[in-house]
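Asks: Listed below, chain by chain, are the residues.
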Amino acid sequence: MFKKMTTQPVPDTTGQLKTLLRSLRRYAESDGCWYSISLGPLALILLLLTILPIIWLGWMALHDINWQDGVSHWEYVGLNNVVLFFDNHFYWPGLLNTFIFSISAVSVQMVLGFLMALVVSRSDRKSRLFLTVVFLLPIVLPPIVIGAIWKLMLSYDFGVINDFLGLLGIAPVDWLGNADIALMSVIAVDIWHWTPFVFLLMLAGLESLPQEVYEASSLDVRNAWQEFWYITLPLMQGTILITLLFRMVLSFKVFDEIYLLTGGGPGTATEVVSFSIYRTFFTEDRAGLGAVMSIFTLLVVAALAVFAQLLLKRRKQS
Amino acid sequence: MSSVTLSNIKKSYGDVSVIQGIDLAINNGEFIVLVGPSGCGKSTLLRMIAGLESISGGTLSIGGDPMNDVHARDRDIAMVFQSYALYPHMSVRDNIAFALKMRGVDPARIEREVANAAEILSLGHLLDRLPRELSGGQRQRVAMGRAIVRHPKVFLFDEPLSNLDAKLRVQMRVEIRELHQRLQATSVFVTHDQVEAMTMADRIVLLNDGVIQQFGTPLELYDYPCNRFVAAFIGSPGMNFVDGTIEHEEGIAALSYGDGRRIELNPEMARLPAAGQAVTLGFRPEHLQPCAKGQGFETLITSIETTGFENYLYCEAQGVRMCALQFERLDCRVGDSIHLRPAADKLHFFDQVTGLRLESEAPLMRTAS
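Each protein sequence line maps, in turn, to chains X and E.
The first sequence begins at 1 in the working numbering and counts up by one.
The second sequence begins at 319 in the working numbering and counts up by one.
Calculated directly from the structure, the hints in this document are not laboratory data.
Hints should not be assumed to be uniformly reliable.
Anything over 12 Å on all C-beta distances counts as not near chain E; from chain X, calculated [to be verified]:
no., residue
1, Leu21
2, Leu42
3, Ala148
4, Val160
5, Leu167
6, Ile181
7, Met184
8, Ala204
9, Ser217
10, Leu219
11, Val301
On the chain X side, residues computed to face chain E include the following (Cβ under 8 Å) [what the hints assert, rightly or not]:
no., residue
12, Ser208
13, Glu212
14, Val213
15, Glu215
16, Asp220
17, Val221
18, Gln226
19, Ile231
20, Pro234
21, Leu235
22, Gly238
23, Arg286
The beta carbon of each residue, even a glycine, is placed where N, CA and C say it ideally should be.
Excised from the complex, chain X in its bound form:
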């Protein structure tokens, strides 16, 4: 039977190559290509520096890690470290202390920092420079210096604060050794240390408020309080929320002040989560348990950040 011959089309390789080159050229000229080239390396570095360590922490949490002769020995223990974490005697009081520390310190810092920024923003040029320098001093001092200064000032035997109380006829107070007031003392030092940070952000926020709105309000309001309550405070809401978020996250990670002033004591009076993690990792050599603590702390801080973000988003929508 005669079969009808069919002609197979000859592949046009030159044409295909041209199409491919054209597509490549189109991609090279597209925004997507430039986004990949410019942001790709950064995304990779970010991945290496943040995501991988967290994955590594997760891996550590499933192991008991021991060091012998300079070599680490990993023994898979499953969720044993998580069980140990829930029974830990330091972490949970530390978590409670951290919450008390963060909420108390940050609340006072927000109020003081805002007030200081209001004072400076309403000052004349000379006072403004002087006040800004004075207000910013604590934040430029290295934490080790702050620890040394306050440890001396709060010393029971020869601290200047007890000397001053002595002049007033008040008995000396063991600021850092008394379990009932040690946390309050550390909070006071943190307020002194970090209020300038709030002050700086608040001042920047106040400076960026539209001047003409204030001029308009100066014709409308009857007193400074009305201006503050109805104009300044609502306009500063965004700055206040962002500063609050910053400070909450930072204060949740407090370590240096505790390490330098009390070492977490007396007992667990000033224990905070960062100090518990430090102790578990480096003093007790229990890296697996330390990893579980770190991951849990990370989740708490992340929850705080997400909560603050939701607040900001809701504010923007409203």
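Dock chain E against the given chain X, drawing on the hints supplied.
Replies: Quick look at chain E alone, frame taken from chain X:
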């Protein structure tokens, strides 16, 4: 409503004097426009009336009461700002009601006032919006609503139209004027736009370098400018100027300029400058008309602008540039030569050195400084 009186008002920043002793009496219910070039001190003067700038010298009175040491909030004035200065976190309703709320006015009355202002300014459907959701013209109306509800003694406007596009500016100009006719409130309006000044003002205060150049009705300033600065500032395009010397020969008066060219003047003009006097002759573009060869002076057309109903011919004669406004469509092109002649009864003479007007036919004209 109140009168506003400024007596020898001065303002200086350190050694720099920006307002140099201004005397001004604004009548009850009058719409005054402060106009002048950038940096002339008009906004500073307005802000001094508002209480947003301190007064370095002199006395400010509103309704007969001295106001120099009275805080802005106690002067009973309302101001509309260039950028509108609306409260960004408040709705239109709250923006308008804010000043009344701060004064503890009864909520029912506030509601009535807001509704009334919203009706006057056609803002009823926008009351629950935030300022960022409004167009420029709508924001402008909200700013005016905020001023209206207070029933102030004086309304102050600081270049409120300068952020609007040309079409909206014309519309708002008319609306503000109509609003003034309705409320009859004493108003002071600052602008750098002489067209706004001419179209809106009962009387214009023309300022330059912190000094009042002329104070009068728009037509007084237009028809009888008291010096060359006023003549050049008021009118668009500006007045044409030709520097020359007055000659009287055989009963014919003329201005001799350039290399001996002459512009014939009407010898019957009142107070024609004396022969030999060096003067600046001024004439407005609409008073410069084409004429037959030999009657006027020959010019070369350098540019033509047509708006449809009017044509501006930019010409040059002996290095002197001038503009002629024609309402008829002329058959001429750039590069053509044309003979032009200024209307003999519409000429202005200014002293070449002082710039002051040489002949005065302005019985109503007032100069305040």
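Asks: Each hint should be assessed against the structure and marked as holding or not.
Replies: These are the hints, each one checked on the structure:
1. The Cβ of Leu21(X) lies farther than 12 Å from every Cβ of chain E, with a closest approach of about 48 Å, so its non-interface assignment holds.
2. Chain E leaves Leu42(X) outside its interface by the beta-carbon criterion, the shortest separation being 33 Å against a cut-off of 12 Å.
3. At roughly 46 Å from the closest C-beta of chain E, the C-beta of Ala148(X) stays outside 12 Å, upholding its exclusion from the interface.
4. At roughly 45 Å, the least C-beta separation between Val160(X) and chain E is larger than 12 Å, which holds for a residue marked as non-interface.
5. Every C-beta of chain E lies more than 12 Å from that of Leu167(X), the closest at about 45 Å, which supports listing it as non-interface.
6. Non-interface status of Ile181(X) relative to chain E is upheld: no Cβ of that chain comes within 12 Å, the nearest being about 42 Å off.
7. Residue placement check: Met184(X) keeps its beta carbon more than 12 Å from all beta carbons of chain E (closest about 37 Å).
8. Its beta-carbon lying about 18 Å from the closest one in chain E, Ala204(X) satisfies the requirement of being farther than 12 Å from that chain.
9. Not every Cβ of chain E is farther than 12 Å from the Cβ of Ser217(X); the closest lies at roughly 7 Å, contradicting the non-interface assignment.
10. The Cβ of Leu219(X) sits about 5 Å from the closest Cβ of chain E, inside the 12 Å cut-off, so the non-interface label is violated.
11. No Cβ of chain E comes within 12 Å of the Cβ of Val301(X); the nearest lies about 30 Å off, and the non-interface call holds.
12. About 12 Å separates the beta-carbon of Ser208(X) from the nearest beta-carbon of chain E, more than 8 Å, and the hint is not met.
13. The criterion of a C-beta within 8 Å of any C-beta in chain E is met by Glu212(X), whose closest approach is roughly 4 Å, and the hint holds.
14. Interface restraint check for Val213(X): the shortest CB-CB distance to chain E comes to about 5 Å, inside 8 Å, so the restraint holds.
15. Interface hint at Glu215(X): satisfied, since its Cβ lies 5 Å from the closest Cβ of chain E, which is below the 8 Å cut-off.
16. Residue-level restraint check for Asp220(X) holds (minimum Cβ-Cβ distance to chain E is 4 Å; threshold 8 Å).
17. Given the 8 Å rule on beta carbons, the hint for Val221(X) holds: about 5 Å separates it from the nearest Cβ of chain E.
18. At about 5 Å, the closest approach between the beta carbon of Gln226(X) and any beta carbon in chain E falls short of 8 Å, and the interface hint on this residue holds.
19. Taken as an interface hint, Ile231(X) checks out: its beta carbon lies about 7 Å from the nearest beta carbon of chain E, inside 8 Å.
20. Proximity of Pro234(X) to chain E holds as hinted, the smallest CB-CB distance being about 4 Å (cut-off 8 Å).
21. Checking Leu235(X) against chain E by beta carbon gives a least distance of about 6 Å; that is within 8 Å, so the hint holds.
22. Contact between Gly238(X) and chain E, as hinted, is not supported at the beta carbon level, the nearest pair being about 10 Å apart and thus beyond 8 Å.
23. At about 52 Å, the closest approach between the beta carbon of Arg286(X) and any beta carbon in chain E exceeds 8 Å, and the interface hint on this residue is violated.
Hint compliance for this structure: hints 9, 10, 12, 22, 23 are broken, all remaining hints hold.
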